[in-house]
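Numbering (UniProt numbering), first residue to last: 1 to 805.
I should point out that these hints are in silico values taken from the structure, not numbers from a laboratory. These numbers were taken from a predicted model, which means no experiment stands behind them. Take the hints with a grain of salt, since some may be wrong.
Mimicking BS3-like on lysine-lysine, the simulated pairs with C-alpha atoms at most 27 Å apart in a straight line are [said to hold, decoys possible]:
1) Lys466 x Lys294
2) Lys548 x Lys463
3) Lys615 x Lys106
4) Lys738 x Lys792
5) Lys104 x Lys294
6) Lys548 x Lys458
7) Lys104 x Lys24
8) Lys466 x Lys104
9) Lys552 x Lys563
10) Lys458 x Lys294
11) Lys104 x Lys552
12) Lys294 x Lys615
13) Lys463 x Lys563
14) Lys104 x Lys23
15) Lys294 x Lys552
16) Lys23 x Lys294
17) Lys738 x Lys615
18) Lys458 x Lys563
19) Lys552 x Lys106
20) Lys458 x Lys106
21) Lys106 x Lys24
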Amino acid sequence: MSLLHWAILAPFILAAFVPFVRKKAPSIHTGWFVFVLPVVLFVSFLQYLPVTMNNDSVSKTVSWIPSLGIDFTAYVDGLSLLFVLLITGIGALVVLYSTYYLSKTKESLQHFYVYLLMFMGAMLGVVLSDNVITLYMFWELTSISSFLLIAYWFDRDRSRYGAMKSMLITVFGGLMMLGGFAVLSIMGGTFSIRELAAQAPELNNHPLFLLAMILILLGAFTKSAQFPFYIWLPDAMEAPTPVSAYLHSATMVKAGIYLVARFSPIFAFSSYWFWIVGAVGLFTMVWASFNAVKQTDLKGILAFSTVSQLGLIMCLLGVSSAALYFDSLDDNLYTAAVIAAVFHLINHATFKGSLFMVVGIIDHETGTRDIRRLGGLMSLMPVTFTLSVIGAFSMAGLPPFNGFLSKEMFFLSMVQLTELNLFQLETWGMLLPVLAWIGSVFTFIYSIILVFNVFGGKFQPEKLEKKPHEAPAGMLISPIVLAALVILFGLFPNLLSYSLIQPAAASIVPSIIPAGDQLYVNIYFWHGITVELLMTIGVVAVGIVLYKFLPKWIGLYDYFPGKVTLNQFYNSSLYVAERGSNSLTKAYMTGFIRSYLVYIFAFFIAILGFTMWAKNAFRFDASNTAPIGFYEAGLLVVLCISIVTILMAKSRLTSIIALGAVGYSVSLFFVIFRAPDLALTQLVIETVSTALFLLCFYHLPKLYRHEEKIGFQIGNAIIAAGVGIIVTLIGISAHSTKLFSSINEYYIENTYSKAGGENMVNVILVDFRGFDTLFEISVLSVAALGIYGLIKLRMEKGGEQHENK
Numbered sequence: 001m002s003l004l005h006w007a008i009l010a011p012f013i014l015a016a017f018v019p020f021v022r023k024k025a026p027s028i029h030t031g032w033f034v035f036v037l038p039v040v041l042f043v044s045f046l047q048y049l050p051v052t053m054n055n056d057s058v059s060k061t062v063s064w065i066p067s068l069g070i071d072f073t074a075y076v077d078g079l080s081l082l083f084v085l086l087i088t089g090i091g092a093l094v095v096l097y098s099t100y101y102l103s104k105t106k107e108s109l110q111h112f113y114v115y116l117l118m119f120m121g122a123m124l125g126v127v128l129s130d131n132v133i134t135l136y137m138f139w140e141l142t143s144i145s146s147f148l149l150i151a152y153w154f155d156r157d158r159s160r161y162g163a164m165k166s167m168l169i170t171v172f173g174g175l176m177m178l179g180g181f182a183v184l185s186i187m188g189g190t191f192s193i194r195e196l197a198a199q200a201p202e203l204n205n206h207p208l209f210l211l212a213m214i215l216i217l218l219g220a221f222t223k224s225a226q227f228p229f230y231i232w233l234p235d236a237m238e239a240p241t242p243v244s245a246y247l248h249s250a251t252m253v254k255a256g257i258y259l260v261a262r263f264s265p266i267f268a269f270s271s272y273w274f275w276i277v278g279a280v281g282l283f284t285m286v287w288a289s290f291n292a293v294k295q296t297d298l299k300g301i302l303a304f305s306t307v308s309q310l311g312l313i314m315c316l317l318g319v320s321s322a323a324l325y326f327d328s329l330d331d332n333l334y335t336a337a338v339i340a341a342v343f344h345l346i347n348h349a350t351f352k353g354s355l356f357m358v359v360g361i362i363d364h365e366t367g368t369r370d371i372r373r374l375g376g377l378m379s380l381m382p383v384t385f386t387l388s389v390i391g392a393f394s395m396a397g398l399p400p401f402n403g404f405l406s407k408e409m410f411f412l413s414m415v416q417l418t419e420l421n422l423f424q425l426e427t428w429g430m431l432l433p434v435l436a437w438i439g440s441v442f443t444f445i446y447s448i449i450l451v452f453n454v455f456g457g458k459f460q461p462e463k464l465e466k467k468p469h470e471a472p473a474g475m476l477i478s479p480i481v482l483a484a485l486v487i488l489f490g491l492f493p494n495l496l497s498y499s500l501i502q503p504a505a506a507s508i509v510p511s512i513i514p515a516g517d518q519l520y521v522n523i524y525f526w527h528g529i530t531v532e533l534l535m536t537i538g539v540v541a542v543g544i545v546l547y548k549f550l551p552k553w554i555g556l557y558d559y560f561p562g563k564v565t566l567n568q569f570y571n572s573s574l575y576v577a578e579r580g581s582n583s584l585t586k587a588y589m590t591g592f593i594r595s596y597l598v599y600i601f602a603f604f605i606a607i608l609g610f611t612m613w614a615k616n617a618f619r620f621d622a623s624n625t626a627p628i629g630f631y632e633a634g635l636l637v638v639l640c641i642s643i644v645t646i647l648m649a650k651s652r653l654t655s656i657i658a659l660g661a662v663g664y665s666v667s668l669f670f671v672i673f674r675a676p677d678l679a680l681t682q683l684v685i686e687t688v689s690t691a692l693f694l695l696c697f698y699h700l701p702k703l704y705r706h707e708e709k710i711g712f713q714i715g716n717a718i719i720a721a722g723v724g725i726i727v728t729l730i731g732i733s734a735h736s737t738k739l740f741s742s743i744n745e746y747y748i749e750n751t752y753s754k755a756g757g758e759n760m761v762n763v764i765l766v767d768f769r770g771f772d773t774l775f776e777i778s779v780l781s782v783a784a785l786g787i788y789g790l791i792k793l794r795m796e797k798g799g800e801q802h803e804n805k
């Protein structure tokens, strides 16, 4: 395997050693051992920057299931490298932060870091996989590991509820995505994403194109918490703050963004992609920002803000497909959407990661995240206040922070789309900038709430569980680094233009880049008095007014019906599903073997009968059969009479004798067909089994009178007759249909020459089918040991009871 494959597997390998490290060095925080890995991976992947900046890529393949075309292909291009650096870079800062946030004596650190490393490795696998099946495997690993991280404090009901909610919704999306991958691979004849992208024009004309697109988008929307699937993310805030900072700002929720970006070269030629991705993203942005304002929990505000920001990025990736319809790249603003999406992806990871860590510090030092109990912390926690201002103002889109630049590019993209005579934008296009502006107003409001409702206003020490003070220096390092990046990328955005943004954007819209050319990326603050600048001024002005009069209109949220919400629908669905499954299970799980046999045999009749009929497989050819003699006919009559006697007998003794008669009749058939060995075996088995039946039934009580009056069961008769008829017809059809010569000629020719035996039956059982016979003996031996154990156990229990008496 290559170094790329080892980089993906490294977190899983280290996770296996974490419990031993924790056990051998309990006095040292386990986070310090884990911290080394993401740092090493981050530095190692920096070597690929010159490759991606040249619009090249690196691919390494390890054969996995070659017969099915499934390989473990690790692929590094501009897009995957960007995500790898976010995963490892933010991951290193989160691990550093967790070493101060989580107590090494009170917390189960070995579990926390095992889950965290599992998630890190799974995310690396997602963004580096070129094979869709490999991608799906790592995708579901992210769901499993995030479930474990969210439920880390498993003794809390809300943690378990949030973990289960995230698992059910994201795994549902993952299964839909798998279906989309299967359909797409059928369309293109390959599992490779790059090879599928090369066939994009042909795939767009395929009748299954829209189905594959919708199924894959369901996976992306559920993972990236888009409407209506966003409801899992606020409940996932029950996880420890380092988990929220890592999973729900920089990595897991970005997996859906990555999926949309990665598959844009395949689907973005379609107007369906433009409207579905763009509309869902824009509506999610507005809806989540509107709901974030009413939250009273700091992490609740950040959860809804994350949903909103993800919707913004998703919207940009959707509308960026318009760039695929234009050939010129010189000063082409139509590509601004995809560039803005990539830039805001980076910016969001920096300011949202720092804000989550700041909220964790507030919770850690005050004992609460409720903004109704907080206030006046500016002088007590000045560093934390400064970090909050930087992160929140960047999220609000204010200069000189990086969020202002990407938000301006977002406005620019929305305005430019209204000028296109494409995708019916001449009629619906005006809604795009209007909705973008409304969502930004609410984003400004909740960003201001995060700062001034917590650090301004009246200090309320009587409502706090702890005496607030500034966090330890170690806990401040990570948010300070992220806040510094917010300022650095804001003041010097072109540090990223051709190192990360352009290679990633080129991976999303490769079809519009002529050979040897590059996307033009030049980000700067002042563009003159533009429409987007005026929109920003309007956002600030309206946002300040609405914030000042927030108590006057916050009551509007009370008019929304509490019982008609997506969360209520989710809870009701689980309740109905649980009650329905219990009722259904009780309906068929009766506890009677007879009922289960009815289900099995009815299914047997229906499936086999329909298959034989549909395939026209019923055959009857008596040309190669021997004539039926007098003895065969007489034994058949005896056999039928014995079977009917078993069914009609009212005594167990009579039924046992009739059952023995059936076995002895079969042994006589073997005698007539010149198989004395089989006849002898059958006679021995029947004698022993009949004797055992008599021994067992001797100890059973006699049949009760009401049992003797059991009437004829028409259902049982139909099932029994159906099984008999189907098996008989299949046997006759199999005998009448000779697709190849019988194996009996092989046995006749080779019994003596190869096995050295003259008794063909013995040779077949011992030599040609030796393993089959050996396994049959093994089964009998296991059964005998089981019976002996049961008898022995019963005898020992009986002896103990006798001694107790």
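Going down the list of hints, with the structure as the test:
1. Lys466 x Lys294: With Cα atoms ~26 Å apart, Lys466 and Lys294 stay inside 27 Å; holds.
2. Lys548 x Lys463: Satisfied, since the Cα-Cα distance of roughly 24 Å is no more than 27 Å.
3. Lys615 x Lys106: With a Cα-Cα distance of about 66 Å, the restraint between Lys615 and Lys106 is violated, given a limit of 27 Å.
4. Lys738 x Lys792: violated, 51 Å
5. Lys104 x Lys294: Distance of about 36 Å is beyond 27 Å: violated.
6. Lys548 x Lys458: The given pair, whose Cα atoms are some 16 Å apart, holds under the 27 Å limit.
7. Lys104 x Lys24: Cα-Cα ~14 Å, so holds.
8. Lys466 x Lys104: holds, 20 Å
9. Lys552 x Lys563: holds, 24 Å
10. Lys458 x Lys294: holds, 20 Å
11. Lys104 x Lys552: Answer violated: Lys104 to Lys552 is near 46 Å, above 27 Å.
12. Lys294 x Lys615: violated, 63 Å
13. Lys463 x Lys563: violated, 31 Å
14. Lys104 x Lys23: Distance of about 12 Å is within 27 Å: holds.
15. Lys294 x Lys552: holds, 13 Å
16. Lys23 x Lys294: violated, 45 Å
17. Lys738 x Lys615: The given pair, whose Cα atoms are some 16 Å apart, holds under the 27 Å limit.
18. Lys458 x Lys563: At roughly 35 Å apart (the allowed maximum being 27 Å), Lys563 and Lys458 break the hint.
19. Lys552 x Lys106: violated, 45 Å
20. Lys458 x Lys106: At roughly 33 Å apart (the allowed maximum being 27 Å), Lys106 and Lys458 break the hint.
21. Lys106 x Lys24: Between Lys106 and Lys24 the Cα gap is close to 17 Å, so the pair holds against 27 Å.
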